[in-house]
Amino acid sequence: MSNPEPSDVNNESLTQKGYGELIVYALLFILFITSIFVFNINLSDKSREHTVRILCAQHQQRAWQKALKSLEQARIGLYTGQPTDSAFIAFSTSMKKFGQCTIALHKGKLLMIEQQELNVLPPDDEVTQQIIASIYNIWLSGKDDMNRLIDSIGKGAINPELVEQMLEFAVRNDDQILDYCQEFMVKLSQLSDERVGQLQTSQISALVLSFLVFIAMGVRSTISLRARDKVIDERNQELKKQRDTIAKEKETIEELLGDLQNTQTQLIQSEKMATLGQMVAGLVHEVNTPLGFIKSNVDILKRNVGLFEQTLQENRLLVEKLADGDLDDLEAQLHKVQELYDQLNSYNLIDKTNQRLNDSIMGLDRLSDLVLNLKNFSRLDEASAQNVNINECIDTSLLIANHLVKNRANIIKDYGQSIDAECFPAQLNQVFLNLITNAAQAMPVNQTTDGKPELGTIAIKTRQKDGLIHISIEDNGTGIDPQKMKKIFEPFFTTKPVGEGTGLGLAIVYKIIEKHAGKIKVKSTVGKGTRFEISLPMKLAGKEKFDIEYSDLVN
Amino acid sequence: MEKPHILIVDDEPLVLASVSDLLEFEYTVHQSDNPHEALSIIKDDRYELKVIMSDQRMPGMYGHELLREAKKIRPNTIRLLLTGYSDLESIMYSVNVGEIFRYINKPWKSETLLNVFRLAVKLYDQMMALDTSKHAKKSLQKELPEQEQPEEVKAETKTVLMIGYSDKVFDHYHSVLKSKYNVVNVHTTQEALDDLKKMDVSVIVSEINLGITSTLDFLIKIKQGFPNVVTIMLTKSIDANFAIRAINDLNVFRYLTPPIDDDEFRSLVDEAFRRSDEFKSKTRLDLFRSHKSEVESSNSLHNKSSDLRSNLKAAQDILSKKKGY
Ligand SMILES: Nc1ncnc2c1ncn2[C@@H]1O[C@H](COP(=O)(O)OP(=O)(O)O)[C@@H](O)[C@H]1O
Ligand SMILES: [Mg+2]
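Respectively, the protein sequence lines represent chains A and B.
For the first sequence, the numbering used here begins at 706 and goes up steadily by one.
For the second sequence, the numbering used here begins at 117 and goes up steadily by one.
Among the hints, erroneous ones may be present.
Derived lysine to aspartate or glutamate pairs resembling EDC-like cross-links, with alpha carbons at most 20 Å apart [unchecked claim]:
#1 B/Lys119 with A/Asp1047
#2 A/Lys1111 with B/Glu140
#3 A/Lys953 with A/Glu943
#4 A/Lys1244 with A/Asp1125
#5 B/Lys225 with A/Glu1219
#6 A/Lys1000 with B/Asp127
#7 A/Lys946 with A/Asp964
#8 A/Lys1111 with B/Glu128
#9 B/Lys396 with B/Asp316
#10 A/Lys1111 with B/Asp149
#11 A/Lys1007 with B/Glu140
#12 B/Lys296 with B/Asp311
#13 A/Lys751 with A/Glu831
#14 B/Lys396 with B/Asp283
Away from chain B, derived, C-beta distances all over 12 Å, residues of chain A [as the list claims (entries may be wrong)]:
#15 Gln805
#16 Asn824
#17 Ser1089
#18 Glu1159
#19 Phe1197
The hints are simulated quantities; they were obtained by calculation from the structure and are not laboratory data.
Where a beta carbon is used, it is the ideal one built from N, C-alpha and C, also for glycine.
For reference, chain B alone in the conformation it holds in the complex (with noise of 0.2 Å):
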């Protein structure tokens, strides 16, 4: 089978050959260095482009603007980011911008991208096969209105957990979401927990400073317990390392600093909630791709030994002759 392709845009040529001599083993490496001539890659459909790496700071686009148009135009490949200085407003523009994967820094592990490719392409696999999957239903449920899938989400289970907030802004933000959706309040981690053992719980709404637990921590626990529910952070301590492994490791969704605007903050939570069911029907899909590129790949192997064959004989021949002598 076809190895994945990926697209790597960096301005520095230098990262490129390395990023691409370091993947070109199990990828189909697209490359470029200019974040124009990489939007007309991601616009060309005669690839299925997987994943993509940008560099932040590049001449002429930042790389959370050109992965936002990637997501435009190919809603499903998975964005990664890889930057050389981490200032917070490039992290919190691709977290909320760019809606990225992964925040790579740079210097970075060899390793660990390559980790992060294996994970994307994977990640973007499922996305695909969900999407077929989808597909496939609603053409055998032609009859029934394109509406959500009502087995899947019942109205009042719809919870939004919030962690952290005093009374008073829980009492704004419980109004802008009461009509749509159950809103729960807690204080404490252990609230939290029970709360999610409970109830249906979907999406975290989640201030950081939680007491003595590191918030972060607490909440990567849930995701983990918990994997389809969507994390959106609401706070006003903003900090580059928190954020970065808000975005690595929780998958956060958003990062928001208060003020936000009331109608913003309604259609981002049913936004989240619309990930949520994304990820609950993906539980259910396998991975049966990379067993097909296995036999694949062992199929090309047979195929190449016949004609070696021959030549083998050839170089024989020659050496017993030599013997021969």
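Next up, chain A with everything else stripped away, as it sits in the complex (with noise of 0.2 Å):
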């Protein structure tokens, strides 16, 4: 399998890259949008200040003009002798009309025009501040004498002189300021068009710019989302190359596991068969002493008869002898008879006659118990369940492990009564075995000074309650290990040496109880003992959980 990490890397800086990139294109997108904006708002500020303006110079150019109507008619009348007073007040609120235009076109101010306050401000280009300030200085330099006349109209006193004077610096100035005022207007006209200009330049290319930007930004992504494509193709690969690997991976551990559970059947096979071979060796041994001895005790009874009968033979030729009166050969018959008889004697083979048939009944005794018993060893494989007295069942592993167990402890029974159980009795004979054997292997063997082996003890109980069938075997040889006591039950886990252990026994007991809806309980201390508890329902259709349970042996 290739290595993840590092792509993983890559492709996290490549899309951290590509947000970063989309950022700066929107930022730069929206940085242009509002450029225009604010450039846009600021224009038309500009040109409503160039409207106030031109507003304030056409009422400028009015109120001129007017002021000059005013002051001609004015004279008119005071020649004429026409009332005055109407066309001075128009003179004068004219012409502070255009002062105030004036002065306001010239430096700003707030002015009421048409009802409507308009902030005038000054011009900003040098051009029309020239023009305006030129207006300026001719209304400056006519400002006194206008006061005067204007005052002393107030007053009502009006000095014709003064009017005179006036109306000649009006006139005079007349068409250099309604040229100004002309000139103004023309050119803050101008200078709108420019500005109009500038506005449709600066949007034309703000949004030539937006265009340029939103395309770089197309292409841009574009990229990345080919590069994207990309990256999630080759990961698409990569996951379908690691599902490929996944499955065939999948597929070889299947494999492992089939051949794993063949070779599990395959040694649980060959544990039986060690068990079996184990069983055949005691067997083979059990049987052949007896066999042994029952033969030889044959032997010996058919020469003791042997001699019996030449016994009786000479005796009787004894009897004859005497009862024919025949002495000559009396004495060396009874010589005869006396040595067979004092061969028997001395011997004692009359009683031990007895004993080597009492023997040798005994030795066939245990033979058909052990022909008996192998019955339930027989069946291995047995198909259906019977029931049967498990006491009777532990008796038949005693009976098989004995040759083992006798050289190593001494089994003390407790049996319960009625202790039947529903069960395949062969493999619970198995069970019992590996218990037995396992109980029997963990005695240290030890020698006591006076030659005997010190024995250990094996105890074996059986009660029945509630419907379960409580089996406990017990000893007080090695004890386990509080580390290895989980591992007992796995198959191969062993401590003994080749040959002694396969390591297996326990797990078949495991797979034996299991099958039996059983429970095992494991109580072990390093040093005093072990006891396995086995309970068994004594019917097995009811099934109850199997489990192990694993403590100290506290009692």
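Assembling the complex is the task here: the two chains are given apart, and the hints tell you how they should meet.
And the structure:
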């Protein structure tokens, strides 16, 4: 499998880079848009100022014309004696208006024009400033006379000389002021035309720029999308590869698992064979010993019977000789009989013959017991469960394990009443054989000084309680290390040397008890001993959950 | 003469009773069902134990272990093993550790057992005779340094015949032994026979699988023709039945499986040569003891008859009295 981490990191940084770029583009775009807006707003502010200025300039022009006209009318009135008041008032208002407009345009001022409050700002370009400055200067030069005239109008004492003077000033400057006004307005409209052009250019350029940004963004994101796609493709391929590898690995694992199961069954089979081999070894020993002495005893009996026969024969001869009064060979015959009797007596042959007969009967009993018990072991793969007395089942296993146990431990049995259970007896035999064998093997082989081996104790107890059969097999052997406790049921776990332990005994016990829906408890303390407690349901139907409990050997 | 003392050891008392009944006409039978007790009987020097037969599987001690101890205490006593189950391991131990004379399986045949004991006692007596003669010789030739008898074995004739090994394997064993012995390698039984006729072979080291002829049968034949030859089996093929026959019929000295330590192998070959030398000197002895025992038993019969005579007289008197009535 390839190493996934570096490519992950790559992808991550790639994505981060992509996002960063996107953000830059978006910012640029927004910047352009805002700049257009800011520019536009700025421009429209300017053009409003402009409009105000134009309005003001118009007012100024009109105020000038009206003032001049009113002054002329007033002079005519003065000369013709017509009323001049209204003309003078019109003049002074217009003149005042003109003055205000001129000041406003020159220096900036808040003005009331046509009931509208307008903030007039001085123009910001030099040409218009100069123009308005010229108008202002002209107005400034005539301002004192104008004020005096206006004052006198207000007092009602009009000085015709002043009027003449004023008129002369107005007429003299009329052309100039009007020209300036005209020029000023033309200049302003030129400026606003410029401004519109500027606005358009800026808008168009902004649009073009935004468009460019947009295109760049599009191109860039297409590229990054492509890259992303490529990465995703690669990812997918990798994933596919990984999936393939996983599938392959799964296959291999399944194969291995199958193999393992095969080996396990094989091993269980081989442990069965090992148990069988062990059993056969024990059995052969167990059979050959009584067979040996029985055979030998029969030979001895035959020999002894021969001797008895001979003695009887010689005895009969002696009796015959005595009865016949044939005293010639009597002494020799008596010697013969005497010798034979001596032999019989010195070897205690009659007693011994009886003893050997009894021994042989005992031996034969042992053999027939063995054969009887073997029947239970013979059906190793029985198909159906049977109702069996568990005590007898244990006894059979004990018999088979006898050759191993007798050198190592004494068996103390404490069997309860009515210990019958529905079970597979041959399998349970195997369970008990394995547990008893382990118990015997756990005995340290010490020898006492008098030569007798120090025998351990294996206590076997059976009880029936609440529909369960409880079997306890306890030894006072080495005990099990707490660290190893959890492993003892694992196949191949063994602490014994090769040849003595396969490590499969308890694994098989586990399997069989599991099959019987039973429970196993192990209690062990190092140096003190081990107790295996098995409980089996009396009826196989009532299956319980199979489990194992581990704890210290408390009592 | 006193009947030969023998010891039988078995953890099954019924076996002891039966064997003892079988043998008691010919031997003074000591018995024990406990190997440690048996050891104290072996140490007891009031009797001259000629044969010990032990069971292999016993509580506390294996038969071959007991016999090894017995060999240390009484090296000349003949050792037999009686066993109920012949697993290969115990067979190998019995040859190589117990150095037993015969390996007997249960159930045994009474006739075989009796024969084995007779043979064993004979062998023992021969060995003892050899020992005493050696002793006598030694006391006669006290002035000579205590070394090997020069006229019996000549250094250059010490030949080891190796049968059935590849050249490579042979080369190794040759390099181990060549400093002391003349080592010869043969591949066929015919070659082996030729060499045995040509040379004075004392020790044979043999593989098992030698072509068509059963190796064991061949070796047994050699043993009959050349009784002084001591055989060591050195083979990877181990087989219980084969091993038992090798013990009982070939009297194999060691049954070994390679790899074997070089020094150990050399010292085993040395021991085999010593054994062979013993056999050579033994053939010159005769079995005078058995004749003597026959004479003695007839004497005891005569002693008994003297008091019988008076008893008979009394009986006759009684009988004649009755008749007279
Ligand atoms: N009664 C016992 N006392 C001490 N140790 C035991 C006992 N029973 C089992 N064990 C431990 O559990 C291990 C596994 O047992 P088992 O599965 O029967 O395999 P084996 O006996 O072939 O080693 C043994 O090697 C031993 O260490
Ligand atoms: Mg076990």
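Comparing the hints with the structure gives:
no., hint, in the structure
1, B/Lys119 with A/Asp1047, "holds (17 Å)"
2, A/Lys1111 with B/Glu140, "violated (29 Å)"
3, A/Lys953 with A/Glu943, "holds (15 Å)"
4, A/Lys1244 with A/Asp1125, "holds (9 Å)"
5, B/Lys225 with A/Glu1219, "violated (48 Å)"
6, A/Lys1000 with B/Asp127, "holds (18 Å)"
7, A/Lys946 with A/Asp964, "violated (26 Å)"
8, A/Lys1111 with B/Glu128, "holds (11 Å)"
9, B/Lys396 with B/Asp316, "holds (12 Å)"
10, A/Lys1111 with B/Asp149, "holds (13 Å)"
11, A/Lys1007 with B/Glu140, "holds (15 Å)"
12, B/Lys296 with B/Asp311, "holds (19 Å)"
13, A/Lys751 with A/Glu831, "holds (16 Å)"
14, B/Lys396 with B/Asp283, "violated (31 Å)"
15, Gln805, "holds (133 Å)"
16, Asn824, "holds (120 Å)"
17, Ser1089, "holds (34 Å)"
18, Glu1159, "violated (9 Å)"
19, Phe1197, "holds (23 Å)"
Taken one by one, the earlier hints fail for this structure at numbers 2, 5, 7, 14, 18, listed in ascending order.
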